[in-house]
Amino acid sequence: MTGKASSFVVKLFLILLCWALPGTAGQAQTTDPGITLIVPSGQDSAQVEAIIKSLKDGSRPVTIRVESGKVAAEPEAHSSIAVTRDGLYAKLIALRDKFGDGVEQGFRGIGKLGSVPEKFSTAWNANAPGFSPLFLLIVIGFVMAAAYFVPLRWRRNLVTPPAARESDLGVRFLWRAKVLLIDLLALAAMAAAGLLAVRFLLPHPDFARAFAHSIIRFALIVGLYLAVGRFLLAADNTGAPLLPVLKADWHRRNLLIYAVCVALIIESINLLDQVNADLDAVIGCLFITSTLTAGFALWWVWSARHDVRQAIRHANPEGWGRRVVAAIFPAMNIIGVLMVWSAARVSAGAPEESDWSTAASIMLLLIAISPILGFGVPALVDAAMVKRHDDEPASPVRAASRSVVRAIASAGSWIAVIYAVIYIWTVYVAGNDPQSALARMSILAQAGIAFLVGCTIWVFFRSYFDSYAPRAPGAPHLAGADDDVGSMGQGRLATVLPLIRDIVLGGIVALTALVILSAIGVNIGPLLAGFGVLGLAVSFGSQTLIKDIVSGVFFMADDAFRVGEYIETGKQKGTVEKIHLRSVRLRHQNGQIHTVPFGQLDAVTNYSRDWATVKFEIRLDRDADIEKARKVIKKVGLAMQEDPELGPDLIAPLKMQGIQDITDSAVVVRLKFTAKPKNPSLLQRDALKRVYRSLQEAGVPLASNAVTVRSPTSTLAGAAVSAAMAPPAVDPRAAE
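Numbering-wise (the numbering used here), the sequence shown opens with residue 7 and increments by one.
Treat the hints as calculated values from the structure; they're not laboratory data. Ideal placement from N, C-alpha and C gives every residue a C-beta, glycine not left out. A portion of the hints provided could be inaccurate.
[What the hints assert, rightly or not] In silico SDA-like links for lysine to any residue, alpha-carbon gap of 20 Å or less:
1. Lys640 / Asp616
2. Lys682 / Asp649
3. Lys584 / Asp608
4. Lys634 / Lys584
5. Lys553 / Val602
6. Lys553 / Arg591
7. Lys682 / Thr669
8. Lys621 / Leu656
9. Lys118 / Leu277
10. Lys553 / Asp608
11. Lys621 / Asp608
12. Lys661 / Asp608
[Stated by the list, open to error] DEER-style ranges, computed between Cβ atoms:
13. Thr611 / Ala658: 21 to 29 Å
14. His594 / Gly541: 53 to 61 Å
15. Arg329 / Ala194: 16 to 24 Å
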């Protein structure tokens, strides 16, 4: 077998990162065909030497073939087939055939596993004479265990856990980072002690020494998984893990099982390589172990799909980005597991496609860590900023700055992951040269930076505008209506800012799109010219639209109304809920929504500006003492001003203006008060209740609808009434 050391370095690098599946192990048993450089005759020697030097910097063998210009030009002439439909279809068919060959080789290799025990027995019996290798391996195991657990005992003294009441994410993260650092130091001490023990106890390069090295690597891989699991999933003094996932202990146990499976796959392949096992047997062993591990990973991902969605949506359940990631993340994990398993089969069936296994393994790693980076890094940054400025009052600029930093951290993490995915598939799968791939990726990097800058400016202005322009109140307000709850209109700046926000954000989107198109090589000159012509056409054909926009600008300049105020215009009236670029949205007190273009607004009556005087009437009995009623009403007005709930809303107290009218049965008096235009109807109802109760207690009668008949000779009048109501007398003679 060739290339064992380099293959193991690649495999171990992927495994240490926490999510590499067994596809990487397939590379140990594949033969790299190398790179064939076809040089046409007449090519400049300096250019050829530069190309050869750059290719020899890698680990792949380089073959140089000099051919005529006609033959050498054929690959260039047919290179465009890869991007055509027929070429893509042919490549997919070829991959399908290679996948089938890999599966067939896996089943065929299972039948060759019977020769593996004999290979191991022969290699074990060929160990150098001396102490029993099994005894030495046990001694090495004890040395490694001692070197591992000693730093862990120091951890209790070196790292103090946060208090149980401490829930700050930054404090918890720092404590867990210290614990992780000590775990890594313990693993390093374990590996160093194991290697030193092997060096002195097993000096001969036999199978026992290789087996000891496999044990060290096995323990190191499992230990790294355990350290990462403790960092992310172990509960601290607050009782919660760093990742807000349900059943954290269950996930830790599954992670341990997965770590053992992956380490077993890696080291079984290495040991089979050491005993020079048959290639078919190695492929069969890899087929069994990778299939079982992939099956366990699929079961784990499927069983934990609800936990993962809850963890992703924990911080902001209503965020659309989190909802999208939470919805697709389990499916992406399943696709990643199947991709790695399939890539291992393709690598087994076609040695020239061995890079697919590496690309798929790194893809699965990126899928697993992308939500942690995309949502965890912004959360940590935000927690650090909140803790730094927790004693200072929040301001719109500070809130916008926090949003910008959080957006940069989040968008930067996602862009880095996407960039890595594109680079991996460009280099490993498409087979492009790394230098040319980097040159192409620089274009995407410029587009990504432009997108990041645009997002940053967008988030800053949106957060800044939202700080001054909160959402309109949900309950409508009508001065003098029957609603009990109302709210004052917002400030003038809060009313104008939505218009400015729409214009600014639209400009940011347009400029960012143009910069991104320019970065990827699109000529934006014709686009700008086309937009100019389109703007002229729209301006000539949309006179009503322009009228609405211009009218809205002047209404805002005149400060005719604001968000939250109750207005009436023509036949429409209601509370201003939102102001758009060309229209205003009114909410009627009965719930209807009216959208009125600014161009159709005539005279606007604002019921919610500055103050409101409420006048109402009561009917007193004609015999009532008017002066006494006036004093009683004045006392009621003073009592309302002293009321802690009603007093702040009163500007002028309740008082009686005087007699408004005298009717046949009542004296009509008018009352009035002046209040803030928030809830005058509530104040009026309370005033009527207090006046009615106070007049009754003071003996001032209210008017009645009863009709009273009066006469100066009450006795004669009573007799006349009695006579009128008595039945007529019956004549006895008439009865006969």
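Going down the list of hints, with the structure as the test:
1. Restraint check for Lys640 and Asp616: not satisfied, since their Cα atoms lie roughly 24 Å apart, outside the 20 Å limit.
2. Between Lys682 and Asp649, the direct Cα distance comes to roughly 15 Å. Compliance with the 20 Å bound is thereby established for this hinted pair.
3. With a C-alpha separation of about 19 Å, the suggested pairing of Lys584 with Asp608 holds against the 20 Å cut-off.
4. Between the alpha carbons of Lys634 and Lys584 the distance comes to roughly 50 Å, so the proposed pair goes past 20 Å and is violated.
5. In summary, the hint linking Lys553 to Val602 is supported, as the alpha carbons are separated by about 13 Å, within the 20 Å threshold.
6. Restraint check: the Cα-Cα separation between Lys553 and Arg591 comes to about 17 Å, which is no more than 20 Å; the hinted pair holds.
7. Distance hint between Lys682 and Thr669 is unfulfilled; the C-alpha atoms sit about 34 Å from each other, more than 20 Å.
8. The suggested pairing of Lys621 with Leu656 holds, with an alpha-carbon distance near 14 Å, which does not exceed 20 Å.
9. Our distance criterion of 20 Å between C-alpha atoms is met by Lys118 and Leu277, whose separation comes to about 16 Å.
10. A hinted pair counts as satisfied when its Cα atoms are at most 20 Å apart, and Lys553 with Asp608 qualifies at roughly 13 Å.
11. Proposed proximity of Lys621 and Asp608 is contradicted: the alpha carbons are some 28 Å apart, above 20 Å.
12. Pair hint Lys661 plus Asp608 does not hold up; C-alpha atoms about 36 Å apart against a cutoff of 20 Å.
13. The supplied range of 21 to 29 Å is met by Thr611 and Ala658, whose beta-carbon atoms lie about 22 Å from each other.
14. Separation of His594 from Gly541 is about 37 Å and departs from the stated range, judged on CB atoms against 53 to 61 Å.
15. A beta carbon spacing of about 41 Å between Arg329 and Ala194 contradicts the range 16 to 24 Å that was offered as a hint.
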